[in-house]
Amino acid sequence: MNGITQEDTHRAIERVARESYGRLVAYLSVHTHDLASAEDALSSALVSALTHWPEDGVPQNPEAWLMTAARRSLIDVVRHQRVAKASEPTLKLLEEDSMETIVAAEFPDERLKLLFVCAHPAIDSAMHTPLMLQTVLGLDAARIAQAFLIAPKTMGQRLFRAKTKIRSGGIPFEIPRERDLPERLDAVLEAIYAAFGIGWDDMAGADQRGRNLAEEALWLARALLQLMPGEPEIQGLLALMLHCEARRPARRGRDGRYIPLSEQDPKQWSLPLIEEAEQHLAEAFKQGRSGRFQLEAAIQSVHAERARGGRTDWRAIVLFYEQLLRVSPALGTRAGYAAAVAEANGPEAGLVVLERIDPDTVSHYQPYWAVRAHLLQRLGKNREAADAYDRAIDLAEDPAVREFLLQKRG
Amino acid sequence: MQFALLIYHTPQEFDMRKNNYSNPHLGAWRAYYRALVDAGVYVGADALEVPETGTTVRLRDGKRRVQDGPYADTKEQLAGFIILELPSVDAALEWASRCPGASIGAVEVRPLAKEALRRGFTG
Numbered sequence: 124m125n126g127i128t129q130e131d132t133h134r135a136i137e138r139v140a141r142e143s144y145g146r147l148v149a150y151l152s153v154h155t156h157d158l159a160s161a162e163d164a165l166s167s168a169l170v171s172a173l174t175h176w177p178e179d180g181v182p183q184n185p186e187a188w189l190m191t192a193a194r195r196s197l198i199d200v201v202r203h204q205r206v207a208k209a210s211e212p213t214l215k216l217l218e219e220d221s222m223e224t225i226v227a228a229e230f231p232d233e234r235l236k237l238l239f240v241c242a243h244p245a246i247d248s249a250m251h252t253p254l255m256l257q258t259v260l261g262l263d264a265a266r267i268a269q270a271f272l273i274a275p276k277t278m279g280q281r282l283f284r285a286k287t288k289i290r291s292g293g294i295p296f297e298i299p300r301e302r303d304l305p306e307r308l309d310a311v312l313e314a315i316y317a318a319f320g321i322g323w324d325d326m327a328g329a330d331q332r333g334r335n336l337a338e339e340a341l342w343l344a345r346a347l348l349q350l351m352p353g354e355p356e357i358q359g360l361l362a363l364m365l366h367c368e369a370r371r372p373a374r375r376g377r378d379g380r381y382i383p384l385s386e387q388d389p390k391q392w393s394l395p396l397i398e399e400a401e402q403h404l405a406e407a408f409k410q411g412r413s414g415r416f417q418l419e420a421a422i423q424s425v426h427a428e429r430a431r432g433g434r435t436d437w438r439a440i441v442l443f444y445e446q447l448l449r450v451s452p453a454l455g456t457r458a459g460y461a462a463a464v465a466e467a468n469g470p471e472a473g474l475v476v477l478e479r480i481d482p483d484t485v486s487h488y489q490p491y492w493a494v495r496a497h498l499l500q501r502l503g504k505n506r507e508a509a510d511a512y513d514r515a516i517d518l519a520e521d522p523a524v525r526e527f528l529l530q531k532r533g
Numbered sequence: 007m008q009f010a011l012l013i014y015h016t017p018q019e020f021d022m023r024k025n026n027y028s029n030p031h032l033g034a035w036r037a038y039y040r041a042l043v044d045a046g047v048y049v050g051a052d053a054l055e056v057p058e059t060g061t062t063v064r065l066r067d068g069k070r071r072v073q074d075g076p077y078a079d080t081k082e083q084l085a086g087f088i089i090l091e092l093p094s095v096d097a098a099l100e101w102a103s104r105c106p107g108a109s110i111g112a113v114e115v116r117p118l119a120k121e122a123l124r125r126g127f128t129g
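Keeping their order, the protein sequence lines are chains A and B.
As numbered in our numbering, residues 124 to 533 make up the first sequence, in order.
As numbered in our numbering, residues 7 to 129 make up the second sequence, in order.
Hint data in this document are derived by calculation from the structure and do not stem from the laboratory.
Using N, Cα and C, we set each Cβ at its ideal position, and we do this for glycine too.
Calculated pairs, DSS-like style, for lysine-lysine (alpha carbon to alpha carbon, straight line, at most 30 Å): (1) K390/A / K531/A; (2) K236/A / K409/A; (3) K276/A / K120/B; (4) K24/B / K81/B; (5) K288/A / K276/A; (6) K81/B / K288/A; (7) K288/A / K120/B; (8) K276/A / K236/A; (9) K236/A / K288/A; (10) K531/A / K504/A; (11) K120/B / K236/A.
What follows is a list of derived Cβ distance ranges for each label pair: (12) L54/B / R202/A: 37 to 45 Å; (13) A119/B / E507/A: 54 to 62 Å; (14) R449/A / Y39/B: 36 to 44 Å.
Chain B with its partners taken away, still in its complex shape:
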């Protein structure tokens, strides 16, 4: 079954991105990515821009309400995600604990919804 690793960064981690390739943290991410591919569990992944670039939209009483910034007002913000094909949550927790994102911020493990539910959305 497929699992998403949702990567939550602290402001400090988002700041690290500014140092670009000189950052040893980035080396850890590259090694992690390589390990995922070599293990044959990697399905896909992507990173998100910093939370300040986000805009949140709600439609209430027929009116569009637009808010500058991300939805949740918490310290840790969604920074990216990885999709993995794994036999169980045990394996997912193991990969999550090896993820460089877990050592400063947090990594949430969430199973992808079952095929039937997904088909309900996509028709």
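Okay, chain A solo, but in the shape it has when bound:
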């Protein structure tokens, strides 16, 4: 009886590729530092799985099968390059453990090292997220380029350049020392959050592309938490993203119209996601080591009170923002703080906070102009408000947001 169809096999390959990609790339590159070769070897292993598995059936341990096939192809490649003396140590390292032991035993999970490599300070920070998406999740350059709104060829070149630096630049494949860890971990979290942000901004209603990237970011954060259990900032980031994710269905009207947080119907928010977020945040706070992502999640948690029929406690939000400003005085934090102060203490107070920001830094920062326009309008300063709305509308990338602001401008 042969109940397994070709489709089942393909699905099995897809699943193991998704779940094991980062683990396999990390393991294959941890000694060689050569990400590109590891990825090539894994691709050919996946191709070989596509031909063998439908005939022979899906192996009992698909990950080990792929690992064996990938190592074989990596060794072949290194043998071909033997002219270059430098490859000898690589070959030795690869052949050190015999294939049999790999198949039989669990191989160590080196993904954590890989995540720290991708977000290394010697790598252009704009490339941290793309590198993670490619090496840990196996997204191709064209897909990443699409999400980052740049030409696929350019993205391919930048990824190639970053990998060359990783291979030859002396970037260590290791978990940073204790004293460097907070800063280095922060870069990893930033990169994951950036992926989520792109998925988020991109979400024009039912846009599948954006949705997926946000899911990939959640997956990365969960994988990271599994590798560093109990790390409060990882749980903070996860809680933050889950809170945002919970509101996804409420962010757009049926006609695709943009709905701001204050006007969203909390009945449309996902309670299970909110609960999961709250759990992570509670566990994180128990550690007593506060941080940027925990505080941002705490702000979202206050907003989430509305889901349980509560009102938004703006004073609590103001307090969290004040703590947040101490650890991360980013522009977005300052604009958010101004908006919260305006809700708690009135628009004048909010405007005072806004005006403390250096005007040179905000000329291209959309949220600043949106908040400013809103506060001026509430104060009845309609001419000034209209000017600020114009700036905010000009800078808005999302057509639905632009439409929303145009209507508010009147």
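Fit chain B to the given chain A structure using the hints.
For chain B alone, kept in the frame of chain A given last:
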């Protein structure tokens, strides 16, 4: 592995050299050098004369073209280099950030090419 710290000076820093030994900046460099030697990471180093003393040569279409001055027309110019033996770029970045040259101009960290590549050049 070995790393080069390439030290780029601003015109202001090149000017400081004229004040010679009275300059406290020089004291910082001496302390830095001592720290490198004490840490056992120092391989070698040298300083270059001011950029105005440089001459750039290109051979194009069989003709030698000589240009007065350095190759790049930028504000910061190569002023010297230090070679260090270090375990990773992390350590190199740390030493670079302690270098007195980083506080005014810039210090570029670059790994020395692998032995195999070097042997390709030298035979």
